Structure formats: structure tokens, C-alpha cells
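Undergrad: So the chains spell out like this:
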Amino acid sequence: MNRKAETIHEQSPWQQMTEGGEIYEGGTSRLTITGEWRTRTPVFLEAKCRQCLLCVPYCPDSSIPVADGKRLDFDFDHCKGCGICVKVCPFDAIVFQEEGEA
Amino acid sequence: MIRERLSGNEAVAYAMRQINPDVMGAFPITPSTEIPQYFAQYVADGLVDTEFVTVESEHSSLSTCIGAEAAGGRAVTATSSCGLALMYELLYVTASCRLPVTIACVNRALSGPININNDHSDSMGCRDAGWIQIYAETNQEAYDNFLQAMPIGENPTVRLPVMICQDGFITSHGVENIELLEDETVKAFVGEYHPENYLLKHENPLAVGPYDVTNYYMEHKIQQAEAMKRAKGVILDVAARFEKISGRKYGFFEPYCLEDADIALVLIGSSAGTARAAVDELREQGVKAGMLKLRVFRPFPAKELTEALANCKAIAVMDKAESFSAVGGPLFAETRSALYSLANRPYCINYVYGLGGRDFTVKTAKTIYAALEEVIQVGGTDEIYRHIGQRSE
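Taken in order, these protein sequences are the chains called A and B.
FYI, my numbering numbers position 11 of the first sequence as 11, with every residue one higher than the one before it.
To convert, take the position in the second sequence, counting from 1, and add 102; that gives my numbering.
Hints were generated in silico from the structure; no laboratory data involved.
If a hint is listed, it holds; no wrong ones were tucked in.
Restraint ranges, calculated between C-beta atoms of paired labels, are given here: (1) B:Lys-303 - A:Ile-33: 27 to 35 Å; (2) A:Thr-34 - B:Glu-153: 30 to 38 Å; (3) B:Ala-428 - A:Glu-10: 38 to 46 Å; (4) A:Arg-50 - B:Asp-230: 56 to 64 Å; (5) A:Thr-34 - B:Ile-324: 20 to 28 Å; (6) A:Asp-77 - B:Lys-323: 24 to 32 Å; (7) A:Thr-32 - B:Lys-331: 28 to 36 Å.
With a straight-line Cα cutoff of 30 Å, these simulated DSS-like cross-link-like pairs (lysine-lysine) come out: (8) B:Lys-405 - B:Lys-346; (9) A:Lys-4 - B:Lys-331; (10) B:Lys-331 - B:Lys-405; (11) B:Lys-415 - B:Lys-405; (12) B:Lys-323 - A:Lys-4; (13) B:Lys-415 - B:Lys-390; (14) A:Lys-4 - A:Lys-80; (15) B:Lys-303 - B:Lys-289; (16) B:Lys-303 - A:Lys-4.
The structure presented is a predicted model; accordingly, all values stated were derived computationally and were not measured.
Where a beta carbon is used, it is the ideal one built from N, C-alpha and C, also for glycine.
Chain A extracted, bound-state conformation (with noise of 0.2 Å):
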């Protein structure tokens, strides 16, 4: 019984739910918003960044999405406020906010 994540929920019978909770595919995450633990939010100041990449790798929850080379605004469906990203960053291109900050 090969059952896919997404069509597992919180109202999902035991009948209906994977035998030890094995998950049968990759990527499942984006099913799971996690970003709501967030006390701190970092924030991407887009001016001052080289695009040196540096903070993608270092982040935990892979919430820095990159395309065609270039780092995109932060996740927030999956960052968890960690602020690692705004330790790395080598040119201040991130910076920490109390979550609910203007």
C-alpha cells in the first residue's frame, strides 16, 4: 500500500495511513508548513547582496530558493527563523527581525 503523502492528513483513518509511517517519495516537506514556528524572520536585502550563495547551503530547511544562479527571497512556508543565513552572510545582505516587525 503504497499511499502518497499528500494524501495523508490529520483526519486520515489508521486503516489509511502508511504501516510505521514510512513516506514512499521525496520532497514531502512542501506538504508541511513549518515557517509558523518562526519567532525571528530574516530578511533579504537584495541591494546589498553578491550572490555569492554562501547562505544556501548553510541553511538548515533549504528555505533559500535559487534560480538560474541567483538566491530568490527567503521560503517562509519552511524557514524557521534560525538566523544561521544572517551569520554567514559576508556583506550584511541579510538582516534579523522580531517576527511581526514592520
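Fit chain B to the given chain A structure using the hints.
TA: Same frame as chain A, now just chain B:
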């Protein structure tokens, strides 16, 4: 069929050689040490192609097995006592990840006080971890049970780990005559392990053991509970298949002179031989004594056991483990609970015995049968939780 003389540990190691598992997590602890020791010789002699992983603790040996089994391999390990206790966390992980690892458990007392001799406190201590538990009386049964472990645990409707238990030193180190099956017969019986999903299956990425929030955890636990119920049927099917290749019959338990018995002992493991001798002596004197030797403790065969004991007048449940509940041991709790469904329940008392290797003799068994007769005669007793074999003022 091969006639041999082997210790229980040798017999299990021999079974492992015939099965030729993919991985063995190996860490020594008395009295199970000989199992990886014998197996290491098989590895050195090129008789198996098992990855023999010598680890730094039992926590790691079971972790090794979990990783190997999740990857799609067949994994085994052996342990006893504090080694099993050190695996405790991983026992639950194995079962909840639905990985059919097999442990050869050579039962030994738990510390403290430190003691290397036999009782069942180690495996009884983890009876709720979600493992199938099958116990042996003899070396033959230890061998036969080990061969049946994987066909039971790996069955796609079960997918649960299996603990094959035998009594430390009494069975593990005592050399007995034994009938072994041919390698080819074992190979055909046990078959190969082909799980539907496994980590090394390239075309199908798999995550094992993900975090379960409150909204999912209970559903997965119910799945485990349902699998344990289904294991009952599979255990009997595998036993029937095993009988065809060996001529040896197995069930959830073995009754002895139970059909017309008024008084009976319920027990696990090597003590059955002693109890059988006591039954024979009592039967010669006209006493309707019987015995039930439990083989499968998890899943607990409550219905079948109740039917087998329904016509007894008084039963003594023998626990080779303390549970410090202040009302009785684990086998007693299960047995007495099962008997509650009967309209006319037999009297049911508990004896904790044999702790730390304390001897269980025919004389002791007969003392218990006499106590059961007294319970019937007096019409009950308030003293249901008893110990026997200890010195006392």
C-alpha cells in the same frame, strides 16, 4: 535430518549459519556470548557471507540491525540481560518502524544485584516493546523457533521484530541431542527477504521512522497492535509448515496431561521438563495434575489458553520474573486476566520462582501442586501472590 549434540547457543548459531543473514550486530554478554562467537567462526571459515559488525554496545548492535533491516537486509543479533536492557530504546524503534529484526535472547537475570544466571526478567521487562516473543524449553526448540522467526516476522501482514528466547545456561550451555535440518531444507523454508519498500530500493525513495505529531502517533500504534493480532494466525501457519519439514509440532503452548486435570501449572521455558516429571509422579498416585508450557508470550494467546485451562479447578502461574506490582508477576497478570472471561473460573494463584538461577526441582513443583489441592479443599485463598524456592525463617 542430521543428528547432533549441541548446546542451545550452538544450535541457534547453527540456525543463523543456515539462514545466512545479511548483517549481524555482534556484542558479547553472558550467557549469549557464544552465539556471535560461533557465528564469527562461520564468517572466518567463509560459510556465510554475513556482514559481521562488531560494535561498542548493545544499543549499537540493535541500531546496526535497524539500519540494515531498513536498508532491505536481514539482520540478527544475540543478547542477554543488561544487554537487552541497553537496547530498550531501540526495541521500540524496531517495532514501530515495523522492521522484522530477529534477536536471539538468552534469558538472564537483570542487575541488580548483579547475577549472570537464568530468569526471565530481561525479556519480560520489554514485553510491551512490540516484539513477538517465543520461548524455548529445550535446545531443539531454540533451534526450531529461530528458524520460524523470520517467516513470522517478515510476513507482509505482520512486519514485526521477533525475540527467540531460551533459558541462560540451562538451555544455552547444556548440551543435548538435537535433530538439525539440512541446509537446503532450511533455505527453502526460511526463503529470502524481499520487503516491498527498503532504503536501498533506488527507484522508490523511502523515509523510515519520521516524526509523528499527536495527530498521527496513535494511528500508527493501532497498526502495530493490529499486526500483533494478525501474528497469531501467521505463527500457526508457519508452525504447520515447519511440521511438514521437521515432523515437530508447535503451537502457542504445549499442554501436558491437561484434558482431565484438576490442578495445573502454567509456566515458560526449561522448567517445563521439571514440571512434567512432577506431573508423571503425581499421575502415578492418581492425582489429576497437568501442565501448560507457554511458547508464545507475545502475542498472548488468551482465548486458546483460557479454553485449555477452562476445566481446571486450580491453577498456579509460575513467573520467573518479578514485576514488583505487589500482586504478582507478568505471566500471572496475563493468565488471570484471560481466565476472567470464564463463567466458572478456576482458582488462580501466582508463584514467583527461579530468580537469578534459583533451582526449580520436582519436589518444589509437587509442593505447588499440593498447595493447589489445598486451595480447592479450603475453597480459595487470599494469598495469591507467593514466592517459592527462597530461604525463610
